[in-house]
Amino acid sequence: MSRYMPVYQYPDMMPVDISFVFEDEKPAGKHGFCKADGENFRFEDGTLAKFWGVIFNGASCFPSHEYAEQVATRLEQAGCNIVRLHQMDSEWATPNLFRFTAGKRMTTTRKLDERSMERLDYLIHRLKEHGIYVAVDMNTYRKFKSGDGVACANELWDNHKGYPLFDPTMIELQKEFATQFWTHYNPYTGLAYKDDPSFVFCDITNENDLFRPVKKGDYKWGRVDHYDNMFRDLFAQWLKEQGMEYDAYGCDLNEKEGPLVLFKKHVTKKFGRTMYDHIRGLGVKIPLCLTNWNKGGALVEAQEEMDFQDGHYYYYDWSWTEYEKVSQNKSLMEANFCPLAACLASQIHGQPFVCTEWDMPWPNAYRAEAPIWFPAMACVHNWSAMTIHTYGYHTRRSERSLLGKESSSNAIGGTPFREGLFTCWNDPAKFGLFYHGALMMRRGDVKPADHVIGATVNADNAVVQTKLALTAGDTHRIHVVLNSTDTSDLTDIRPMDETYKLEEPTLRKADHGQVWRDMKRKVGCVDTPMTKAVFGVVGNRKATMTPANRNLEIKLDGLSVDANTDFATIALSSLTKDPIEHSDNMLLSAIGRACNHGQHSDGEKLLDIGTNPIEAEIIDAMIAIKTSNENLRVWSVNSEGFYGGKIDTVYEDGWLKFQIGPNHPGLYYLIMEE
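Mapped onto numbering that gives the first Met the number 0, the consecutive letters of the sequence shown carry residue numbers 0 to 673.
Hints are not guaranteed to be accurate.
What the hints assert, rightly or not - Simulated crosslink set (DSS-like; lysine-lysine; CA at most 30 Å straight-line):
#1 Lys554 x Lys519
#2 Lys255 x Lys466
#3 Lys625 x Lys508
#4 Lys446 x Lys329
#5 Lys519 x Lys645
#6 Lys329 x Lys466
#7 Lys284 x Lys268
#8 Lys239 x Lys268
#9 Lys269 x Lys110
#10 Lys174 x Lys103
#11 Lys329 x Lys110
#12 Lys446 x Lys500
#13 Lys554 x Lys446
#14 Lys508 x Lys519
Derived by calculation from the structure, the hints in this document are not laboratory data.
These numbers come from a predicted model, not from an experiment.
Produce the entire structure from the sequences given, and follow the hints as far as they go.
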């Protein structure tokens, strides 16, 4: 029978503090500015730059001084070294860039609010001192106003998609904002933002393109006649210049191939060059990207001139409204495709790649798989950064905060799930496992896959091609190759729309063997000298498993897990420079299902969000670690960072053996020499 224990998450601390592992990396910026170097980011002094962290959304970007210090401390303790400042321009949240509080009517977005900027300045200062870098978006949810000189402003959604890429007024407003932002002087650091090396990369616009199919009345992308007519006029002019015959005024603006797609690609490239040159002209030194999702080969090619590429991925399938909450409750390990395919299909060979939004949201009971599998796969594909969406939307944090508590309903950008569904700061099943993601990403515990397959795409259409990435993405690195790409260092070249044949289709394994998942058993593993983990259906599930699979011990190279609890993530990392086999200081995390007290669902439909406290299932498992150190002791650690009790151990034949769960249960166990 499952047992649960209350777990309190505190806004100013983590139960275990691993900041000492990266003590030499403070302050952020000590290595100079971040630069693109082939497919990697490097600092000016040559240091490889890898980032693992979170997103601050909306009002979270403008905290009080007290909370800024608290959150910087907590993120450092968790091993994070980057915060993406996202949706700072969102009107639905306060503070935002243009106003500090709700109430007074805002008639223009052409002036930065002084109080908001003072708070942002202080946050950046405190993050920097704690070794945490910053990434930013320029244009995310800005609601253009008639006072900005924007036509038909009352018909536009927040940052109406597509139109800011070609409307001259909106482009000038974006250039004006970039000037205001990057030349802003931070009195706490003594630097203008453009001169501060704690900023590491920037997206010019967020999830914004011309290739997504749009219908009149669609949320965020609904058609506005004024701008559609402007677009058709520009299209007709371009057709004339190209000597092409085409019906610019009668065509379907959602066509996925032909002259319309070529024109959209032209407009996208032009916008990218315009904004890139303007931002560079301000003296901004860090890598720049146009936007951050895959909408087909044409959009991939349109971004080829940028410094790096960015992608987003969420593992969910839901129908989440104000009144009905339905969300998939499936294991990531059973996916019969590589979930990262859309990102891999926009990873251009020879450029760095970052994933600035990823998640496996609450209330999926299997979400504890994600904070291990995602960073492990990011390492397999040699990505430079990962930030989860999201740490939170506001700063009203308390150890009594619920999982899934909404800060509003359908009012926030027309979306009813903002705060509750995504927020992870107090989720033991997600942020509670960030230690190991940080160690894997920042230290490179998992090495990049040995083989790189070049994938050709049709760059003249708006069809997302992913077959190769879907079938080979767990095994090899997949890089898009375009006409100008140097392919001399690739293992193979194949079309992106070609299926890759695997020897064992249900066993998805990186070609170097350090990361794998068994789709049949719904279990995954990371097996490296510095970090080892098992996650998914790791133990006995009598109701659904065959006798052959019950209590099946999972054996890695130097770690054995024999679990009685059916679902769990059990991760072990060395906290020293020595591998696990010789380390005298290790962290073992054991986390599975987590929910609010009384949380109740009917299948995948959430009926009751529950109440405080947050509860985590106690993981019961026998652990065996191969180690040369016979003097290791195991202590459980509770929510307050206290030792909960010493776990009985046996050392024999070079293996340290102990059982977690029955006595002194916790989410964390420190394994240290006395």
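For each hint, the structure was consulted:
Pair hint Lys554 plus Lys519 holds up; C-alpha atoms about 17 Å apart against a cutoff of 30 Å. The straight-line distance between the Cα atoms of Lys255 and Lys466 is roughly 18 Å, inside the 30 Å bound, and the hint therefore holds. A C-alpha spacing of about 23 Å is found between Lys625 and Lys508, which places the hinted pair at or below 30 Å, so the restraint holds. Distance hint between Lys446 and Lys329 is fulfilled; the C-alpha atoms sit about 28 Å from each other, no more than 30 Å.
A distance of roughly 36 Å separates the Cα atoms of Lys519 and Lys645; the hinted pair therefore is violated under the 30 Å criterion. Restraint check for Lys329 and Lys466: satisfied, since their Cα atoms lie roughly 22 Å apart, inside the 30 Å limit. Between Lys284 and Lys268 the CA atoms are separated by roughly 20 Å; this keeps the pair inside 30 Å, and the hint holds. Taking the CA atoms of Lys239 and Lys268, the gap is about 19 Å. The hint holds against a cut of 30 Å.
With a CA separation close to 26 Å, the supplied pair Lys269 and Lys110 stays within the 30 Å bound. At most 30 Å may separate the alpha-carbon atoms for a hinted pair to count; Lys174 and Lys103 meet this at roughly 26 Å. Pair hint Lys329 plus Lys110 does not hold up; C-alpha atoms about 46 Å apart against a cutoff of 30 Å. About 23 Å separates the Cα atoms of Lys446 and Lys500, which keeps this hinted pair within 30 Å; it holds.
Taken as a hint, the Lys554 and Lys446 pair is honoured in the structure, with Cα atoms around 20 Å apart against an allowance of 30 Å. This hinted pair checks out: Lys508 and Lys519 have alpha carbons roughly 13 Å apart, not beyond 30 Å.
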